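The chain contents come next:
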Amino acid sequence: MAQQDISKHRFTDGKLNLRRFHQARWDEPVIFELSCEGQRGILVPEVEQGIQDEVGDVLATLPDAMRRKEPPRLPELAQPQVLRHYVRMSQENLGADLNVEIGQGTCTMKYSPKINEQLAGTPRMADLHPLQDEETVQGVLEIMYRFEQILKEISGMDRFTLQPGAGSAAIYANASIIRAYHESRGEAGQRDEIITTIFSHPSNAACAQTAGFKVITLYPDEDGYPDIDALKAAVSERTAALLITNPEDTGIFNPRIDEFVRVVHEAGGLCSYDQANANGILGITRAREAGFDLCHFNLHKTFSSPHGCGGPGCGASGVTEELARFLPVPTVEFDGEKYYLDYDRPDSVGKLRPFYGYVPVVLRAYAWVMSLGAEGLREVADISVLNNNYLLNKMVQIPGCSAPYAPGKHRIEQVRYSWEELAAETGVHSEELGVRAADFGIHYWTSHHPYVVPEPVTLEPTETPSKEDLDEYVTVMAHVAEEARTDPELVKTAPHNSTVHTVDHAPLDDPSQWAMTWRAYLKRIGK
Amino acid sequence: MEARKKLGLIVNPVAGLGGRVGLKGSNGAEIQKRALELGAVPQSLNRAILALERIEPADDLKIVTYPGEMGADVARSCGFEPTITGSIEPGKTTAEDTRNAAAEMLRLGVDLLLFAGGDGTARDVYNAVGDELPVLGIPAGVKIHSAVYATNPLSAGDLAGLILQDKVSAFREAEVMDIDEDGVRQGIVSAKLYGYLKVPFRRRFLQGLKAPSKPGEQAAAAAIAADVVSNMEVGWLYVIGPGTTTRAITTRLELDKTLIGVDVVAEGDLVAVDVNESRLLELLKGRRAKIVVTPIGGQGYIFGRGNQQISPQVIARVGRENVVVVSTVGKIHSLGGRPLLVDTGDREVDEMLGGHIRVVTGYNEQIVYRVAC
Amino acid sequence: MTKERAIVYPYIPNSVLAVKQQMLQEVGAEQIEDFFEDVPEKLRLKRRMNLPEPFLSEYALKRHVEGILAKNKTAGEYLSFLGAGCWQHHVPAVCDEINGRGEFLTAYAGEPYDDHGRFQALFEYTSMMGELLNMDVVNVPTYDGFQATATSLRMACRLTGRRELLIAGTISGDLLSKIRDYCKPGFAIKQVGYDPATGQMDLDALKAAISEGTAAVYFENPSYLGFVETRGDEIAGIAHDHGAVCVVGADPISLGVLTPPADYGADIVCGDIQPLGMHMQFGGGQAGYIATHDKEEYVMEYPSRLFGIAPTRVPGEYGFGDVAYERTSFAEREEGKEWVGTAAALWGITAGVYLALMGPQGMREIGEGIMTRVRYAMLELDKIAGVKVPVFHAPHFKEFVVNFDGAGKTIAEINEALLAREIFGGKDLTQEFPALGNSALYCVTEVHTKEDMDRLVSALKEVV
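Protein chains in written order, with numbering that gives the first Met the number 0: chain Y, 0 to 526; chain L, 0 to 372; chain X, 0 to 463.
Bear in mind the hints are in silico, worked out from the structure with no lab data behind them.
Keep in mind the model is a prediction, meaning the values are calculated, not measured.
Since no wrong hints were added, every one of them can be taken at face value.
Cross-link-like lysine-lysine pairs, in silico, DSS-like; alpha carbons within 27 Å at most:
1) LYS91/L <-> LYS32/L
2) LYS70/X <-> LYS337/Y
3) LYS61/X <-> LYS151/Y
4) LYS151/Y <-> LYS113/Y
Extracted from the complex, chain Y is given alone in its bound form:
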């Protein structure tokens, strides 16, 4: 009997079938439920007899009130059980290592090279204390210094700090520097307004507010571009700065960005460039030439460091020479022979965090740049933009999907689409489509709230998916959109193949029902 060609079953009418994806579902209890009294996951080093003999009962040195009476009710598990529990939970996620991770627009979910993980994990990075004598950490200081030089060239700015914990922290750092600048000129009280746009990242507004500024948000013109007339209406002698993302979260580059900067400069304000969306413009256009005074990059976005379920990342803030005196301390300097940490900055805004930042993330970013070089970075920009426009071309061919704004124009590295037509036709909302997409192992992010673009979805392929990956994503989108027409119930009751089903949010918003820890939950259900 001849062997069958089993591969042909993967195709229907010449087209590759969608995956019969099913996410791992372990029905894994909460770890407390796995506890077994007496079990130990690890034993701690014992204190030597010689020490015990000399010290005696050290807890007796504590006043009674400071001695913990009741042991913390942590779960008790043996080591294999702990490992297994966490490995199972790790399987219940869709990370960039697993799925075509283009659905988390604005996050730049590119491939995080494994060699960089290896390098970041070596003891000569991982086992360094930040206060070690500088002669013993010349290597890591050199990495930080070199990376700063790289960022200077990519952006055109004069100095960088790598201290901020991530993008929003970097925006805050910039807001703090802006505040210090105006204070130094005696204008802090007068200049209390920061301007941003609705399609910039919301942290521009939030961080400015945290730093004590009033925020004025500009809405775009009819074509979705930042509106220069709105800006002119917003600037005044109260303007401290413009904080703007470019390209914006719609993927549209503001062709008048330098004019925006000029308008604000003329009003006496500074301009800070949120470069979270730098991936599509590396080597093509820079903060310096547009006239910016400050900028920031997200090293866990453009520079490939992995997202880690939500950090750690790193936000690198860059400034012109004029503002360098306000940078947080310390900075990394090189005197021709050795690298050192410099705290001599009397006008510094001070410390934003303990020590110097998430240095392993800087290491990964450095390694990533060094694997590509100037040509490679340019290729990153080119291909991420090609991938995005390729995707755009296919997405808008799906009936019911559109890409609002910038009519007839291309986009840079991401697009905010709208399912408004499909929703009006079928009553199925964008969020619901996203839930159903998860049944095919695909992520999906709509937009920041509150929505400006109705029924949004924001996709950002970056340069690391293949053409096949992009095609797969579009195929899923088209399929799900079609299901919205032919089988809306299936879409509305999704997910069917995820780890769990959709959560009932009502208890999470009700103070009498919510529970943010297991102990709180047990109290709620009367245990």
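Add chains L and X to chain Y, keeping to what the hints say.
Showing chains L and X alone in chain Y's frame:
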């Protein structure tokens, strides 16, 4: 057996009649007759069916409605066995029928009153129930100025379904606008703020949460009020226009604002209530003043719909730089990118207001938005 | 600038020329340059970026980076007694295994149904911290302990509507700097004096400084300087008497043996979880926690994400999600609610693994063991002529101040001499705390053996 949930349904069979054949609105028997002659098809029935189809018939859900074309037909065609109350003259239903139906449903204590119609229908419902009952409109008329309607019939049905499953507990006040339809036919649009209906408000799915969302409408209005009040200066008059957001300002000052009128506040006290243009001009003599307005109705008018007491003369006297526009971000986004609108009746004043304007959207938060005239 | 590049990059699949061309064709574009139509000529970088030549092969890259890293010496290669905000604790192998898994490493912001593992792992982390802290609400981690502290203080200000902050006099200069920057403008920051003999907060000074304008009183337990604050309940009492919030910074690894601050009146507890399974990473292992009781007005003030447990539409299935996402501040809404962004979630998951491995017994043993070793070190060091230990007569947890006034050498000189003997001496406090004279902050943890400490003692005997 008492049904767990009661849904009131009123269909205004003549709503939306005139629009398609170029007649504005459908009030008045004359217009209705003319529209039918021109081949107009009642839109409201179809729209109501689209909405009701989104709701599953269930044993514990009772539909309460009026006979025939005022609701029973629609209910049955969607698979429901409605409880029918009241009586009508088929083919000759009137505004009074709508009011009676609404009043009856209030009496019966329905959980939600779903109605299909236009501005006129909203007004009639309001006259009967005020803000005592949650209501939701299925859009079926021509251009609707009242903000009590869902964006389309499908979402009206979906939202109604969620309410009946107790999945919606938030409500907002939505303006009911009184449009003079005869005037509209003569090319003059004149709208008055009539009142507020209580409309359910569904928060969007909590999807895609990478950053906290803005506070809900009520909290946002309170934040706006905090901002405006904190900037109030001694020696200045504040002309407060009608609207839910402006009411938050007087609430914060612990004053009683008139529902639909223009009030004047100074140094934390009410100086005058429900003023007309001439009273305003009187009060403004020799005084520095600011006008505080918010977009009224669903079309985004900041002047000219519901606050005509703040006349072009008043605006010119106060000056553009002293016009304070307040709005929640949610309301701005519901404009779908369309500009705010002004229609004071005076071309010059309209043009003075046009361009870009600052809008207070929270505490220490503003936006700059386009204004068109 | 679209010359056809010959290099195909491993991380850029579509850099293959044929694929590029096919894609361009499908889009209907001539060249990639077409896509940049909105970037005006005058803003273009007209030259190649001046960056170092790349290492295209993985081997060459590895060799290059390792060559630079080879210039470092790890804390383990030396004998380190450094602490001061970053501490050397043993990192269990399972911790590294879990946070190295690509599924956790590369996940980000998926939904509760398709990133269920991440939600559950973080919920379990907050739950275990809740047990350690005896509190019902713990946040998803923020950047580090400094941020946690600064945010806790601003939360207190929002809660009370007040602007004055009273801070213990023994916090680190760096933390004070962070607080000063973050709590600006309009906040009044005052430090409260301490008893030079014991390090304990001067309660009379506190009573004199506190008023109806005080939003919060903040102290650390154990202190930055290592001693245990023994009258936390009195400090909390004074704070509460004036309607102020009591905020306490606590090292989580101490809570197996020390009373959790909630038990003596703390309203908000915060700190850094680096000791719970994170390598030091030159300061890259930091992550911050904030904890409170489950009171609505407190919950509403968190800027962080808070994960709660909830049913799904399938009975018996656990689901997780964001609690109270539209947080309505109970303050007069005078301030924005700070911000939320990528912070340190992976460290939170790691800390959960750590606590699960340790269990209640492990946490007690490690705490007791650390304190025992510290006591030994203090006793032995005090025997050295010219060395005075402890400076503060109070119980200590894992750090202690050593005074070298009698040594005739500066700390810098002493540490240099120690360095020659491959020992990292304690942090030099002379600039930060001039009142303590010639002093250094030494840290001893469970990684130090008797031999290690004896070696320090003999080295110091030689040096001073």
